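Asker: So the protein sequences, as listed, match chains A and B. Position 101, counted from 1, in the first sequence is what the numbering used here calls 101; the numbers after and before it change by one each time, with no gaps. Position 154, counted from 1, in the second sequence is what the numbering used here calls 154; the numbers after and before it change by one each time, with no gaps.
What the hints contain is simulated information worked out from the structure, not anything from laboratory work. Model, not experiment: these values are computed from the prediction. Here a beta-carbon is modelled for each residue, glycine too, at the ideal position from N, C-alpha and C. Be aware that one or more of the hints could be misleading.
As the list claims (entries may be wrong) - Reference listing, derived: stretches of chain A covered by chain B, where coverage requires no fewer than 3 residues with Cβ under 8 Å from a Cβ of chain B: (1) 13-20; (2) 36-44; (3) 116-128; (4) 132-144.
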Amino acid sequence: MAKREIQEINAGSMADIAFLLLIFFLVTTTMDTDTGLIRRLPPPPDVDTPESNEVNKRNVFEVLVNANNQILAKGDYIQVTELRAKVKEFIKSDPNNPTLPEFKDEEIEGLGLFPVSKQIISLQNDNGTSYEMYIKVQNELVGAYNELRNEFAQQKFGKTYQELLQQAGASEKAEQQLDAVKKVYPQRISEAEPKKIGGAE
Amino acid sequence: MSKFRKNGKKSQPAVNTAALPDIVFMLLFFFMVTTTMRETTLKVENKIPFATEIEKLERKSLVSYIYIGKPTKEFQAVFGTAPRIQLNDAFKTKEDIFQFVEMERDERDEAERNLITWSLKVDQKTEMGIVTEVKQELRKANALKINYSTKKTDKIKN
């Protein structure tokens, strides 16, 4: 018997099939990489030991947001876009200015004894505050810290804060520098228990 | 006289499409890899706000979601228009959060239980009252690492 020639499989429609699958995945894809503002809640209040929160008034920056989404920052009615600069000035502090936070010398690895300001940001919102405004305020507070850390990192180590964050996993030196930057400007945002500040209801 | 005279009409050669399947397959694999299928169907409106100082959530398997917002149109007849909490696939109340936290913890390995991030996906029009309540419940359940889910923007407006 004569050898039969093996016929080639017609691959012309392969592209069509692949297209079909492609379109299916295109449609079902949701490319939401999850991003957000990461925070830590304070641990649940201890019943046995009542909290002692005696803080010098000059160390506290109070931010109030009412039900009409208006912001009162340390006694001044301001817009959310003005908040960042104000918070930055407060966190940075100034040894010569008695209205800004006090300093406390702390031992920081790589920097030695370093004056760290005893700042605390206290955020209080009303039950009627919109979530959108709340996030904006949170964002500005975190932004202020990030900008200060960035400035400090550039001045001391010649790297941006972002670069330090990226390199921290790979190099020990960067990690130490990152720790130092974080210790110089520790993020202290305290959220008071919700109260009705006024406005709605 | 020239030897290279074109002889008459010249037919256009067809474009070679042999590589087309390869290209399409490449795209296909890209989308297959990047795709994350939605696990839950949203029953609440969920337009999350924008922020500039965002961080990426690293390990998806260690993230649990809590949705808060107005019920979508089809559920408004039954559940009204006040913001509700959605856990997994159902509407829940704040009292269920404690149990939800325990259940989510049970699903993970013991070593990773404390590393779970609780991602709050809250509609931007929601009022803070319900969000604060949820936060207090999370505190009670000792679920302290939270994330306010936001999208990236370059600048925030007033």
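Asker: Which earlier hints can't be squared with this structure?
Answerer: The structure breaks none of the hints.
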